[in-house]
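As a plain string of letters, each chain reads:
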Amino acid sequence: MASSVASKSAPMHEEVADPRFRGRRIQPLTIRLNHWLNVLFIVLMAGSGLEIFAAYPSLGPQGAKYGWYPWQGVAPPKWLTIGGWLAGARHWHFAIAWFLVLNGVIYLAYFFGRGEWRRRLFLPARDARNAIRMFGYYLRVLKTPPPVDFYNGLQRFAYSSVVIVITLQVLSGLAIYKPVQLDWLLTLFGGYDVARVIHLLGLVFIAMFVVTHVVLVLLHPRELLAMITGGKRG
Amino acid sequence: MAKIITRRRLLTGFAAASLLAGCDARHPVAGFLKSMLRFNERFEGLLFSPSRLAPEAPEKDLTPERAFPSYFIADTMPFPPAGWSLKVGGMIAHPGTFTLEQLKSMPRTDMRVRHHCVEGWSAVAAWHGLRLSELARAVGVDPRVRYVEFHSFDDDYWSSWDLGSALHPQTLLAYGMNGHDLHPDHGAPLRVYSAVKLGYKNVKYLTEINFLPTRTGGGYWEDQGYDWFAGV
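Chains A and B are the protein sequences, given in the same order.
For the first sequence, counting from 1, position 191 maps to 191 in our numbering; every step adds exactly one.
Position in the second sequence (first residue = 1) + 1000 = our numbering.
Among these hints, one or two may not hold up.
[Claimed, not checked] Straight-line distance between alpha carbons at most 30 Å, and here's what the computed DSSO-like set of lysine-lysine pairs gives:
hint	chain 1	residue 1	chain 2	residue 2
1	A	LYS78	B	LYS1034
2	A	LYS178	A	LYS78
3	B	LYS1034	A	LYS178
4	B	LYS1060	B	LYS1104
5	A	LYS178	B	LYS1060
6	A	LYS65	B	LYS1060
7	A	LYS78	A	LYS65
8	B	LYS1104	B	LYS1087
9	A	LYS65	A	LYS178
[Said to hold, decoys possible] Chain A regions said to be covered by chain B (calculated; three or more residues, Cβ under 8 Å):
hint	region
10	46–56
11	60–70
12	88–98
13	177–183
14	191–197
[Unchecked claim] Simulated restraints on C-beta separations:
hint	chain 1	residue 1	chain 2	residue 2	range
15	A	LEU108	B	PHE1043	18 to 24 Å
16	B	LEU1053	A	LEU218	50 to 56 Å
17	A	ILE132	B	GLY1179	56 to 62 Å
18	B	PHE1043	A	ARG140	49 to 55 Å
19	A	LEU224	B	THR1216	51 to 57 Å
20	B	GLY1045	A	VAL39	28 to 34 Å
21	A	ILE164	B	LEU1053	30 to 36 Å
Calculated from the structure, these hints are not laboratory results.
Because the structure is a prediction, the values reported are computed rather than measured.
Using N, Cα and C, we set each Cβ at its ideal position, and we do this for glycine too.
Please model the entire structure based on the sequences and the hints provided.
Rendered as structure tokens:
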């Protein structure tokens, strides 16, 4: 893989010297399966979630809707929704949620069990400066990209963030699914209507991540190929 | 300023939308989704604790009553028939009827709790009534009973419940709301109000309660595809 997010002078995945990953593909089979199942699950969760949101496309409790939210009562467009109607969307949402969680548990077990976290997890001491410089390079403030090993710091930040946000989506979703039985969880999220806002903000974050991710991957199609074939072995 | 959209209007909209989408509302759940629905019902049953209480909501969270959505399925507001009484039957030692006065003479419970609608909104009201568990004790429920059915005079609106949720200390037969007798738009003279179920399980305009060992259907919305357990 000689492709690079940054430039031809800083090829991605080239500088993996870590012997722990010798013989392992850039994107091992477990991670590839996880990734593509996630694509399916997140599309289904987002679409059914928007159909559920359409039933009460407002934020805040009845009689005290949040004044800061400018789109009270504005439903998402029908073509973005999945499930047809509220009950159908709920069935999809609560069915796929289990598979999303299962997929996530497998991912995290692999991520930590097989040491993948060493080359994927955003570690501030290692990656923060690199991430900021990469961001500066994208903004064309910096002329040269920072050195890249397996991923650049900004990639690690983005990928690690989205894992955390999906985890928060599961937790905030559980909180508004069972606000009484899981009231301790609901309290952590600030109560029912605040948790509902957080759940929607999580969707907004994931949507922005997906758009950015798809744009960058189209600019660097060999990264896409690695997520299909696995790429070369280290 | 803010226009109050009644749940009736919203739900009518959903019914129309589902027809447009070609969704047969009578048989909407099958195959994979039906299996997962059954699985989730078991999960909800396991998660349900008969003793965990919904917190008492602070008074400042009380929703102005005109902003608390109400709905009924009949074409016009249902009013109780003359000589209204509650019929209690099924597998119980003492089937019979109760007048509102008799129900009001039983131990009273007051609670101010958050309401959770299937649509995603919440609202807070105070409810006054007797615990369904009080009535169950009075009529002598058979140990074989697993379900409770609630019927209304709002057309054919009804719902069936698991016994555990029905006997929860925050499941009331409510005759009062926010310090006054129940108004017709919120189910006068008597309705189910529970802190542990979604709104549509809380049958208003009650006429009949049956304690049963099995259940034949789910209820008005449940038989159209909404989840049966619907706990919160």
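For each hint, the structure was consulted:
1. For a cut-off of 30 Å, the pair hint linking A/LYS78 to B/LYS1034 stands: about 24 Å separates their Cα positions.
2. A C-alpha spacing of about 27 Å is found between A/LYS178 and A/LYS78, which places the hinted pair at or below 30 Å, so the restraint holds.
3. This hinted pair checks out: B/LYS1034 and A/LYS178 have alpha carbons roughly 20 Å apart, not beyond 30 Å.
4. With a CA separation close to 28 Å, the supplied pair B/LYS1060 and B/LYS1104 stays within the 30 Å bound.
5. Distance hint between A/LYS178 and B/LYS1060 is fulfilled; the C-alpha atoms sit about 23 Å from each other, no more than 30 Å.
6. Distance restraint check for A/LYS65 and B/LYS1060: the Cα-Cα separation of roughly 14 Å lies within the 30 Å cut-off, and the hinted pair is therefore satisfied.
7. Distance hint between A/LYS78 and A/LYS65 is fulfilled; the C-alpha atoms sit about 23 Å from each other, no more than 30 Å.
8. The suggested pairing of B/LYS1104 with B/LYS1087 holds, with an alpha-carbon distance near 15 Å, which does not exceed 30 Å.
9. With a CA separation close to 21 Å, the supplied pair A/LYS65 and A/LYS178 stays within the 30 Å bound.
10. Coverage of the region 46–56 of chain A by chain B holds. Counting CB-CB distances below 8 Å, 4 residues qualify, and the rule asks for three or more.
11. Counting residues of the region 60–70 of chain A whose beta-carbon sits less than 8 Å from any beta-carbon of chain B gives 5, enough to reach three: the coverage restraint holds.
12. Remark: the region 88–98 of chain A is confirmed as covered by chain B, as 7 of its residues place a Cβ nearer than 8 Å to a Cβ of that chain, reaching the required three.
13. Closer than 8 Å: that is the beta-carbon criterion, and the region 177–183 of chain A has 6 residues meeting it against chain B, so the requirement of 3 holds.
14. Coverage of a stretch by a chain is defined here by at least three residues with a beta carbon nearer than 8 Å to that chain's beta carbons; for the region 191–197 of chain A and chain B the count is 3, and the condition holds.
15. For the hinted restraint 18 to 24 Å between A/LEU108 and B/PHE1043, the CB-CB distance of approximately 21 Å keeps it satisfied.
16. About 53 Å separates the C-beta atoms of B/LEU1053 and A/LEU218, a value consistent with the hinted range of 50 to 56 Å.
17. Distance hint for A/ILE132 and B/GLY1179: a CB-CB separation of about 58 Å, consistent with the stated range 56 to 62 Å.
18. The given range of 49 to 55 Å is respected by B/PHE1043 and A/ARG140, whose C-beta atoms sit roughly 51 Å from each other.
19. Distance hint for A/LEU224 and B/THR1216: a CB-CB separation of about 54 Å, consistent with the stated range 51 to 57 Å.
20. Take B/GLY1045 and A/VAL39: their Cβ atoms lie about 33 Å apart, and the range 28 to 34 Å holds.
21. In this structure the supplied range 30 to 36 Å holds for A/ILE164 paired with B/LEU1053, their Cβ-Cβ distance being about 32 Å.
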